[in-house]
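Visitor: If you want the building blocks of each chain, they are given just below.
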Amino acid sequence: MASRPGDKHPALLALTSSALLLPAYQGVRADAPPEFTEIGLRYSKYEEDDTQGSKTFGGSSQRYDIDAAQFHLLAPVADNWAVAVDVQWEDMSGASPWFVGESLDGSPKVIMSGASIEDTRTEVSVTTRYYYDRGNAGFNYVRSKEDDYDSDAIALDGSVNSADGMTTYSGAISASSDDIEPTQGSVPTNTIKADKDIRSAWVGVSRIVSKNAIVRFGLSYTYRDGFLTDPYKLYDQRPDERKEWAVSTGYRQYFFWPNGALHADYRYFDDDWGIASHTLDLAWHQNLGNDTQLIPFLRYYSQDEADFFANIANTDQRYYSEDYRLSAFGAVSGGLRLRHTIGNWAITAVGERYETDESWGVYSGEESPALVDYWRYSFGLDYIFK
Amino acid sequence: MKQLICLCVVLCLCGCETVQPWERGTLAKREMQWQADAMEISLQAQINASKEASSGGQGAAGGGCGCN
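Protein sequences appear in the order of chains A and B. Sequential numbering from 1 applies to the first sequence in the working numbering. Sequential numbering from 387 applies to the second sequence in the working numbering.
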């Protein structure tokens, strides 16, 4: 269709939209569709530390190792549409904490699942997004398939900018249907076949604070219903519903000297299982010339234990769990990201260390002998077709 | 805690200077994006959600996984 003299060319429209009417809510959702198709590949290696012999019956034991590959495609479609396709493959092996027993000196020790668990996961996510004058709206479908777990999820989201472009209001809703069919053989399981549903809603607002700073706030509610027990833990019986709330805030500040940006994000989480948590993320995005970015990052996390958590489960109770993930603990993680651009290509590399300890948390509770520490490394390649 | 969060929200939303559209170039830089690397953020969020009892806060929850 020929353009009329008064019509704006789509590319020009996209450029003016992004440069002049920059919304307060940026990131993957901007006011204009992407100008060029982008693809990206990532390979990640995730390695959990072996369990310590002093905390384990039967000596130290290997935990999970995961190899993950990610593919990302983002492409403009027609004038005001974009489509994104994300695929993730994971291959995992290792042992998992099975239950906790009491040693002769009275201290809790973990018993691992013994035989190595092997599993693969494939996740495909497709998002279509429509861009209009003052915002955008997206529809997302995600299918995740494992040997013992299938999930189908849909989500709708949208955002609208204020007339002056200083404020962006956003919202999203999602629903998922998950089927659990534990692999039989390595350990007895808590169910043969079960399911659960997840419903979630989120609202957010972001605001330009100054020429060099932007802030955002968000509030989310998630309702889980169905089989929420871990099928592979020997002593695990959880409520069949869970209500979660999270309040989050984020801040970005650019500094002309030394040509870098501070990222600060905080989240407070609370649920009706008695778990509350604080999460603080800090990162510094340092530009080195025009083509290289060095990004050191640090994360602090602290959670309270669930009402029904105990290292040695009391199975006379209605609900009980020995899962270390429901215990009180603190976690500190940090690492370094590097991104280097060469023409239309970009290379990324990430190294991260994550460590946990009960005494690092702001909440007190029984220290689980199964707390996990891990290393993660990622390498990636991006290409933009322009 | 709730009062503190409300106070921060009000102060931030009221205390902003007006920034004209042509003054927003810095805010468009890659390092000023909420999610500078979507794949990295996605993977990190998945790992954290599978090792901790908390998740979410930056959008709707989506689907689950059997990640242990």
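Think of the hints as simulated: they come from the structure by calculation, not from any bench. There may be inaccurate statements among the hints.
[To be verified] Think about it this way: if two alpha-carbon atoms lie no more than 20 Å apart in a straight line, the pair counts; the simulated EDC-like pairs of lysine to aspartate or glutamate are:
hint, chain 1, residue 1, chain 2, residue 2
1, B, Lys415, A, Asp291
2, B, Lys415, A, Asp272
3, B, Lys415, A, Glu35
4, B, Lys415, A, Glu38
5, A, Lys211, B, Glu403
Visitor: For each hint, tell me whether it holds in the structure or not.
Guide: Cross-check of the supplied hints:
1. Lys415/B <-> Asp291/A: 13 Å, holds
2. Lys415/B <-> Asp272/A: It is violated: about 40 Å lies between the C-alpha atoms, which goes past 20 Å.
3. Lys415/B <-> Glu35/A: Holds. Lys415/B to Glu35/A sits at ~16 Å (cutoff 20 Å).
4. Lys415/B <-> Glu38/A: 17 Å, holds
5. Lys211/A <-> Glu403/B: Between Lys211/A and Glu403/B the Cα gap is close to 8 Å, so the pair holds against 20 Å.
Taken one by one, the earlier hints fail for this structure only at number 2.
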